[in-house]
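Participant: Chains as they are written, first to last, in the numbering used here: chain V, 495 to 820; chain R, 55 to 386.
Don't read these hints as lab results, they were simulated from the structure. Treat the hints with care, as some may be off.
[Said to hold, decoys possible] Just so you have them, the derived chain R footprint on chain V, three or more residues with Cβ under 8 Å: (1) 559 to 568; (2) 583 to 593; (3) 600 to 610; (4) 627 to 641; (5) 672 to 686; (6) 754 to 768; (7) 782 to 789.
Bear in mind the structure is a predicted one, so any value in this text is a computation, not a measurement. From the three backbone atoms N, C-alpha and C, an ideal C-beta is built for every residue, glycine too.
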Amino acid sequence: MAETAYWEAIQRAHDEEMANDPMVIAMGEDIGVVGGTYKATFGLYEKYGEERVIDTPISENSYTGIGIGASMIGVRPIIEIMSINFALLALDTLINAAAKIRYMSGGRVHCPIVMRTPGGTAHQLAAQHSARLARMFMSTSGLRVVTPRSPLDAYGMLKSAVRCNDPVIIIEHERMYNMKEDIPDKEFFRPLEGAEIVRKGTDITLIGYNYSVHLCLEAAKRLESDGVSAEVLDLRSLKPLDRESIRRSVEKTHRFLIAEEDEAAVGVGSEIMAVVTEDCFYALDAQPVRIHAADVPVPFNRELEKAAIPDVDDVYQGALKVMGKI
Amino acid sequence: MKASDQKRLLREMIFYRRFEDRTFEAYMERKVGGFLHLYSGQEAVATGVLEMARPGSDYVITGYRDHVHALKAGAPAKEIMAELYGKETGSSKGRGGSMHIFDPTVNFMGGYALVGQPFPLAAGLAKGIKMKGTDQIAICFLGDGANNQGTFHETLNMASVWKLPVLFVCENNLYAIGTAIDRSTAVRDQYKRVAAYNIPASQHDGQDIDIVMEAAKKAVDHVRNGNGPYFLELMTYRNRGHSMSDAKGYRTREEEAEWAKRDPILIYSERLKKAGTISDEDIKTWEKEIDKEIEDDIVKFAEESPEPKVEDLGKYVLDDNPDPRWIGPLQS
Ligand SMILES: Cc1ncc(C[n+]2csc(CCOP(=O)(O)OP(=O)(O)O)c2C)c(N)n1
Ligand SMILES: [Mg+2]
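Using the sequences plus the hints, can you model the full thing?
Facilitator: Structure, rendered in structure tokens:
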């Protein structure tokens, strides 16, 4: 076991996968000589050289497309997009090509790419650097979308994503890169599918993904003093969604809340609401609540930004509401 | 070139023309649905360029006007026709249709509907080749209209910086659907736009297969010898409309008549006749043989093939047999 930061976990996964398979490459802006905006590829340029750790020009759509084309004949590219906002530039190759090539070819060609990108608000980066957008990828057939909440998953899911034969989008978060956790020294993998109960409880299920899992965990601690036992469920994979685990938890607690940093409309939370309604509506003892961002472009001003984005208190208050305590 | 090869090439082009004509009929009979973009008039380009490459080994990728590129790469005509019919036996098991022919067994890596999207995919194939260290090349065929996409500029830039073994073939047929090139594009000569990316480029007559082959040989050799990309612009013209619903109101009948004199099959058959390599009789015989093959073999196969099963709707979205070590699900 060694205490490892989220960024270090990603770096280690890259390193091991590149050592394991000469067809694994990394590509993105400033990932080589600089070692990555968040150091996710630190030191790998020196180790694997410029053919495998590729500093790309600022051409998101086409370097993603180059990764996709290479993946069609056996290369395993890990493509870094500096911020999820910039991934919008790559949607044509990602959604119109990578997500559809297996299907359009009747399963004869596939695109095992990994795209990693941080989505979320950091500290006052304003509207054009604070998008979350998980919902957009989640609604695309042919993609896998995962949201590792911790160094353990960041490492283990990236390794699985590299080996999996589907295009996988890994959504990270700028505020998680320095989070630390003990992870085993020995190589391991974490599966791409399956939600995870990260705290057991009996009275309410707090559902989160990506950064919002941490808000849920903090809120659950506070709820203890109100005599509420909260279960926290990390979705981990948004596509495919683990409906079974959601149902099981809600059937146990009979109440739930879904917390996310994104805006509400047509979002992950809406989907969870729909899934619960379809799968276990009669298990519910109270109206559920969605905790989400305000319906505004993310503001620059510190106080406005805080007001736009949910925090622990929002999740806590939301849970009390579901519990009928306010 | 040997007379037997010249004859084969002419016969191939006649085959492609008649194959496309037959798909048109099937479309009119409503046996083929969706969009159908025919290659008639441009045959010398795909035929000539790929003749100078290694079909089946070099990777080929193109847009939606893809039947002939796939055929010349070596994809079975039966399977292409069956794909147009949406059948399970089609090149893409009926999931792709006319615009999305795939045959990885001959390294034909697909037809794509998004104008300009194959540029980066082709460069990616070239990156894969480079990593494997083989002497294959990737060949990307696209229209003049595609050069107004960002992917053209982005990809040419990267392909040049990274010296990727990719040949870009621009089939300049002077129109993007109904928009004439002079109305949409600041520079009519597409090869001139490539100078900005430090990639050698040249422009040639795309209607004369001898000229195409001579130019393609140089281009292919350049790429195969490790010199990085090449951009080959071939001036051509499509005989038919852009797709099936096109009255061609945007171009004059005079212009069409001028280009009809420069039909690639006409040019080449006249040349071979003059040289005494073939006779009118030969052509008539071929046409009969070809029509028979298309009818008895290709169309029959497509018509008699089964439809995909509706139960299989959800197949091929993701890996249908994933390794549980990577996929899970996580037991919690
Ligand atoms: C991204 C995108 N925009 C628009 C279209 C619609 N469209 C299909 S073909 C075409 C014209 C393309 O012209 P060109 O590249 O010259 O190829 P040609 O059809 O002449 O072979 C257009 C605009 C599309 N398929 N994809
Ligand atoms: Mg054109």
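Participant: According to a criterion of three or more residues whose C-beta lies within less than 8 Å of a C-beta of chain R, is the segment 627 to 641 of chain V covered?
Facilitator: Check passed, 3 qualifying residues.
Participant: Under 8 Å between beta-carbons, do enough residues of the segment 559 to 568 of chain V, three at least, approach chain R for the coverage claim to hold?
Facilitator: holds (count 10)
Participant: Would you check chain R against the segment 600 to 610 of chain V, counting CB to CB pairs closer than 8 Å, and say if three or more residues qualify?
Facilitator: holds (count 5)
Participant: Taking 8 Å as the C-beta cutoff, is the stated coverage of the segment 672 to 686 of chain V by chain R satisfied by three or more residues?
Facilitator: Answer holds; 4 residues pass the 8 Å Cβ test.
Participant: Would you say the segment 782 to 789 of chain V counts as covered by chain R, given the rule of at least 3 residues with C-beta under 8 Å?
Facilitator: violated (count 0)
Participant: Taking beta carbons only, do three or more residues of the segment 583 to 593 of chain V come closer than 8 Å to chain R?
Facilitator: It holds, with 4 qualifying residues against the three required.
Participant: With a Cβ-Cβ cutoff of 8 Å, does the segment 754 to 768 of chain V contain at least three residues near chain R?
Facilitator: With 0 residues close enough to chain R, the hint is violated.
Of the hints listed earlier, those the structure fails to meet are numbers 6, 7, in rising order.
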